[in-house]
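Asks: Sequence:
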Amino acid sequence: MRYDIVIVGGGPAGLSCAITIGSAVEHDMEFAKGKKVLVIDNGNSDLKSAKLNNVPGVKRGTLGKELLEDIKNQAKEYSCVEILEDTVQKILKNNGFVVQTASGNTFEADVVVLASGFKAFDIEGIELDVVENPLSPKPGRVMIKTSKSYEALDKNANVVENLYVAGLLAGFSSMFSCAAGSGVQVGINILNKYAGKPIVIHDVP
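Just so you know, the sequence shown maps onto residues 13 to 217 in the numbering used here.
It is worth saying that the hints were derived from the structure and are not from the lab.
Do not take every clue at face value.
[To be verified] Taking lysine to aspartate or glutamate and the DMTMM-like style, the derived pairs with C-alpha atoms no more than 20 Å apart in a straight line are:
hint: 1; residue 1: Lys-71; residue 2: Asp-40
hint: 2; residue 1: Lys-48; residue 2: Glu-136
hint: 3; residue 1: Lys-150; residue 2: Glu-42
[As the list claims (entries may be wrong)] Derived Cβ-Cβ restraints for the label pairs, each shown as a range:
hint: 4; residue 1: Pro-217; residue 2: Met-41; range: 18 to 24 Å
hint: 5; residue 1: Asp-141; residue 2: Pro-217; range: 43 to 49 Å
hint: 6; residue 1: Asp-215; residue 2: Lys-45; range: 16 to 22 Å
hint: 7; residue 1: Lys-63; residue 2: Asp-166; range: 37 to 43 Å
hint: 8; residue 1: Pro-217; residue 2: Asn-85; range: 35 to 41 Å
hint: 9; residue 1: Arg-72; residue 2: Pro-217; range: 34 to 40 Å
hint: 10; residue 1: Ser-115; residue 2: Gly-73; range: 18 to 24 Å
hint: 11; residue 1: Glu-38; residue 2: Lys-205; range: 33 to 39 Å
hint: 12; residue 1: Ile-211; residue 2: Lys-77; range: 30 to 36 Å
hint: 13; residue 1: Asn-106; residue 2: Val-216; range: 38 to 44 Å
Ideal placement from N, C-alpha and C gives every residue a C-beta, glycine not left out.
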């Protein structure tokens, strides 16, 4: 099955990216018409074990697992967004990307977003420049080097076009707002490329 965008990871970054793109499709923006987004999530987001006291707009004491479920439901409100429980094992570049999962699913996509967290990166296929995450308070956490637009770099420092990295895996701090904001920015960067110019998605009462 083919999607325009496959997002690997259903935590704050991945879901925020999906919501951003979904909102552009819902606004019927010409460059976003008909775009389909698939989020593939293995269910291991660290947000599930969090209690949130310092997230703007979120009630103090909110449990991370409850907020994560709310964000998933928000993403599902966009008909162009699908969420699949599975684990991505391999990503190949072949006239776009081919994404293979542990359960045997294969998907094709024009754009892939890696938002699978910073504990490890063991997806096979494209050889990316994976280094230690300097903003992690714990040792052994990783990030993928990226361009200024958050497209991944391979081991020769070449940009892998249309392969984006978001959240902690892009080197952001392990804070909800940092991860979510990163996902939003990657979503906007993808939409900017579709539009051929900088865009924003604003609503008014």
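Asks: Determine which of the earlier numbered hints do not hold for this structure and return their numbers in increasing order.
Replies: When the structure is compared with the hints, numbers 1, 2, 3, 8, 9, 10 and 11 turn out to be violated.
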